[in-house]
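We have chain A already, so just place chain B on it with the hints.
Protein chains in written order, with this note's numbering: chain A, 1 to 359; chain B, 1 to 359.
Hints may contain errors.
As the list claims (entries may be wrong) - Now the in silico label distances, taken between C-beta atoms and shown as ranges:
no. : chain 1 : residue 1 : chain 2 : residue 2 : range
1   : A       : A164      : B       : E245      : 49 to 57 Å
2   : B       : Q352      : A       : Q349      : 40 to 48 Å
3   : B       : A92       : A       : Q349      : 53 to 61 Å
4   : B       : R168      : A       : R189      : 56 to 64 Å
5   : A       : N300      : B       : R168      : 41 to 49 Å
6   : A       : T231      : B       : R70       : 42 to 50 Å
7   : A       : Q349      : B       : G107      : 51 to 59 Å
8   : B       : G24       : A       : G124      : 53 to 61 Å
9   : A       : T318      : B       : Q183      : 43 to 51 Å
10  : A       : A232      : B       : G239      : 24 to 32 Å
11  : B       : L172      : A       : L269      : 37 to 45 Å
12  : B       : K353      : A       : G124      : 34 to 42 Å
Calculated from the structure, these hints are not laboratory results. None of these values were measured; they are calculated from a predicted model. C-beta: ideal position from N, C-alpha, C; glycine also.
2 protein chains.
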Amino acid sequence: MAQQHLDPPTDPTAGPVCGDALAGYLRTQATEFLRALRQHRETGGDGGPPVRTKPRAVENGSQESVDAARALRRSARRISGSLHTFRPLLDADWSESMRPELAWLSGTLAREHAYGGRLERLLGALNRLSGSAAFPAQGQSAEPAGSRTQPSGNLTVGAAKAGALLDRQLTLARTRAHSAALQALGSSRFHAVADSVAVLASEVPLTPAASAIDLRPLAAAAQDRLTDAVTALPLVTAGHPYNAEALVHGLSADTAPHPQDAPWHQVRLLLRLHRYAREVLYVGDDPVDVRLLGAGQALNRHRDASEAASAAASAARTPRIAPATAYALGVLHADQRHEVEAARFAFHQAWQKEAVRTP
Amino acid sequence: MAQQHLDPPTDPTAGPVCGDALAGYLRTQATEFLRALRQHRETGGDGGPPVRTKPRAVENGSQESVDAARALRRSARRISGSLHTFRPLLDADWSESMRPELAWLSGTLAREHAYGGRLERLLGALNRLSGSAAFPAQGQSAEPAGSRTQPSGNLTVGAAKAGALLDRQLTLARTRAHSAALQALGSSRFHAVADSVAVLASEVPLTPAASAIDLRPLAAAAQDRLTDAVTALPLVTAGHPYNAEALVHGLSADTAPHPQDAPWHQVRLLLRLHRYAREVLYVGDDPVDVRLLGAGQALNRHRDASEAASAAASAARTPRIAPATAYALGVLHADQRHEVEAARFAFHQAWQKEAVRTP
Numbered sequence: 001m002a003q004q005h006l007d008p009p010t011d012p013t014a015g016p017v018c019g020d021a022l023a024g025y026l027r028t029q030a031t032e033f034l035r036a037l038r039q040h041r042e043t044g045g046d047g048g049p050p051v052r053t054k055p056r057a058v059e060n061g062s063q064e065s066v067d068a069a070r071a072l073r074r075s076a077r078r079i080s081g082s083l084h085t086f087r088p089l090l091d092a093d094w095s096e097s098m099r100p101e102l103a104w105l106s107g108t109l110a111r112e113h114a115y116g117g118r119l120e121r122l123l124g125a126l127n128r129l130s131g132s133a134a135f136p137a138q139g140q141s142a143e144p145a146g147s148r149t150q151p152s153g154n155l156t157v158g159a160a161k162a163g164a165l166l167d168r169q170l171t172l173a174r175t176r177a178h179s180a181a182l183q184a185l186g187s188s189r190f191h192a193v194a195d196s197v198a199v200l201a202s203e204v205p206l207t208p209a210a211s212a213i214d215l216r217p218l219a220a221a222a223q224d225r226l227t228d229a230v231t232a233l234p235l236v237t238a239g240h241p242y243n244a245e246a247l248v249h250g251l252s253a254d255t256a257p258h259p260q261d262a263p264w265h266q267v268r269l270l271l272r273l274h275r276y277a278r279e280v281l282y283v284g285d286d287p288v289d290v291r292l293l294g295a296g297q298a299l300n301r302h303r304d305a306s307e308a309a310s311a312a313a314s315a316a317r318t319p320r321i322a323p324a325t326a327y328a329l330g331v332l333h334a335d336q337r338h339e340v341e342a343a344r345f346a347f348h349q350a351w352q353k354e355a356v357r358t359p
Numbered sequence: 001m002a003q004q005h006l007d008p009p010t011d012p013t014a015g016p017v018c019g020d021a022l023a024g025y026l027r028t029q030a031t032e033f034l035r036a037l038r039q040h041r042e043t044g045g046d047g048g049p050p051v052r053t054k055p056r057a058v059e060n061g062s063q064e065s066v067d068a069a070r071a072l073r074r075s076a077r078r079i080s081g082s083l084h085t086f087r088p089l090l091d092a093d094w095s096e097s098m099r100p101e102l103a104w105l106s107g108t109l110a111r112e113h114a115y116g117g118r119l120e121r122l123l124g125a126l127n128r129l130s131g132s133a134a135f136p137a138q139g140q141s142a143e144p145a146g147s148r149t150q151p152s153g154n155l156t157v158g159a160a161k162a163g164a165l166l167d168r169q170l171t172l173a174r175t176r177a178h179s180a181a182l183q184a185l186g187s188s189r190f191h192a193v194a195d196s197v198a199v200l201a202s203e204v205p206l207t208p209a210a211s212a213i214d215l216r217p218l219a220a221a222a223q224d225r226l227t228d229a230v231t232a233l234p235l236v237t238a239g240h241p242y243n244a245e246a247l248v249h250g251l252s253a254d255t256a257p258h259p260q261d262a263p264w265h266q267v268r269l270l271l272r273l274h275r276y277a278r279e280v281l282y283v284g285d286d287p288v289d290v291r292l293l294g295a296g297q298a299l300n301r302h303r304d305a306s307e308a309a310s311a312a313a314s315a316a317r318t319p320r321i322a323p324a325t326a327y328a329l330g331v332l333h334a335d336q337r338h339e340v341e342a343a344r345f346a347f348h349q350a351w352q353k354e355a356v357r358t359p
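Excised from the complex, chain A in its bound form (with noise of 0.2 Å):
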């Protein structure tokens, strides 16, 4: 093994990768953490208000604050993902209670940030839909264009006020989102998050045998799970371009989420875990994967694509909307779900490019 330990940890198929080179990262990534932590208090951790007359127009400090919370959100999964794959080599019990704060604080301040994708997105396919002039962007004037004033453009005034339906109710989740993060934040449960991530930066809580262990059965492991679970993806369907797939039961009555979604969205959590693993082996030197960007980008998409389509179908339901803007947000609905086709192929296709490396 001693000879072993001299082989350089950035090349993992010289030898075994151990404990040393898991306990470098988490303490890059804890000391990331407390970076962001500390840009996001001086730019007066207010980022990306949710202010009506210009959302766009985001203040300096305020897109300081959207980039530090973004970088504390980014070490937080790092620290999170890397918990869960090299289990064996960390402390259980600190692991065990690490790794739920990590989850709520990333969760809590991704909402804000979702919540004004989702209204973008959504927006933006609104304009697409109608014609570029015939729809304003958000936050400018709503002044009617003026094809909207003729007796047949209602479907356009239904646009129109789909649009105002679903920016009413996007910010005001936005804005709520916005608070939740601050208040987080300011809890006593993140100070503790941010205790354990201070000492995380100085002292790993590595287990005895960790400089023993090999990472690379751990982070093939991860590379197992990912693999699996992509064979079990309809991936024949999706290869085949309009399969119409997406919007089977684009009509029915159950509310909830499109339960057809869900495996791809567990092989976008999969992804990350391994893309995360493949870090810590190939420290400071990762090899840009095409592959596993392309397919990463692609069930991002599928994952925002299938969120707005969900917020126009529930937007749709709200009591006593004209029947232009609900065949509106019935267009918007199917467009989405499209989209959600769309990305499914789109993984189908990255995913088929030959691996150029894999750990």
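Only chain B this time, still in chain A's reference frame:
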């Protein structure tokens, strides 16, 4: 020329094909027309009655009458197309007066069939979108499925109401088209067409020069018109799956049919003329060109989906409909526009295949 006339007319590679082949083709089509007309009269000429109680259980006599009407349209289109493509061989006055009458006849007969097919397509799509058991098929009991009584089931109620609305509107349109077709077949205008076709069955009004005019350059010109029109199509976009092009302006205020569909409809007509010209050349021995077949089927699907999407959008403009109905019609509209896009992709795929043989 005398030597070349000995070449069998069924082999266009062997030499020019002249007036005789055209005369033979027109006589055959005219005979088909007269046979179909006789069959239509014998079966009561009351094909596919839009009876609301059992529209699918068409009786034998009616099915025969539907077949007869289809055969009438089939030969009317072929005569009209040949008159157009091989104009220089035919008496100009006769030809010019005949074509609009044949177009009127096949258009009138086609309408009833089209409304029936459109309704079937839309109800089939609603079924698919609602989950298989949630929506009663046309003519079945409208008793609500269990899920629809749940409070969250308003969207499925919407699908059922949308189906009932479309059934009402398109069945009415079909009934009117049926009456119009019956009226047309009893009119003196139709009797004049039938008399002209009866003359054509025995004596084709060729020009004196017809026996020396080669049909092949005329058929090639028809093919060139098709090829030029295909070249002008946005095929690069159509060949890229999920380009989302067909739903652009899906919510625009313009109630007219999608202008982006028109070039595709035009190619559909030119493809038909090309196919009929081939039939004249390969009398009775037309090799089935899989490429043309696939391309033609894709363009039929394109036309059907385009018109079904318009019908859904038009139904959504019915005053005083419930928001849930309008929502379902919006989903349905987008679904059919997606079908339009899928049909363009299918056309691109079929067209890319190497031509088996061209005249």
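(message) Between the beta carbons of T318 of chain A and Q183 of chain B, is the distance compatible with 43 to 51 Å?
(response) holds (48 Å)
(message) Please check whether T231 of chain A and R70 of chain B have a Cβ separation lying inside 42 to 50 Å.
(response) With a Cβ separation near 48 Å, T231 of chain A and R70 of chain B satisfy 42 to 50 Å, so the hint holds.
(message) The hint says 40 to 48 Å between Q352 of chain B and Q349 of chain A; measuring C-beta to C-beta, is that right?
(response) violated (18 Å)
(message) Is 41 to 49 Å respected by the C-beta to C-beta distance linking N300 of chain A and R168 of chain B?
(response) holds (44 Å)
(request) Just tell me: holds or violated, for the beta carbon distance of A92 of chain B and Q349 of chain A against 53 to 61 Å? (result) holds (56 Å)
(request) Note whether the CB distance of Q349 of chain A and G107 of chain B lies within 51 to 59 Å or breaks it. (result) violated (44 Å)
(message) Tell me if the beta carbons of K353 of chain B and G124 of chain A are separated by a distance inside 34 to 42 Å.
(response) holds (37 Å)
(request) For A232 of chain A and G239 of chain B, compare the CB-CB distance with the range 24 to 32 Å and indicate the outcome. (result) holds (31 Å)
(message) Taking the Cβ atom of L172 of chain B and the Cβ atom of L269 of chain A, is their distance within the range 37 to 45 Å?
(response) Between L172 of chain B and L269 of chain A, where Cβ atoms are some 52 Å apart, the hint is violated.
(request) Given the hint of 53 to 61 Å, check if G24 of chain B and G124 of chain A actually sit that far apart at their C-beta atoms. (result) holds (60 Å)
(request) State, for the Cβ atoms of A164 of chain A and E245 of chain B, whether the hinted interval 49 to 57 Å holds or is violated. (result) Between A164 of chain A and E245 of chain B, where Cβ atoms are some 27 Å apart, the hint is violated.
(message) Given the hint of 56 to 64 Å, is the C-beta distance from R168 of chain B to R189 of chain A inside that range or not?
(response) Hint holds: Cβ distance 59 Å, inside 56 to 64 Å.
Checked against the numbered hints above, the structure violates hints 1, 2, 7 and 11; every other hint is satisfied.
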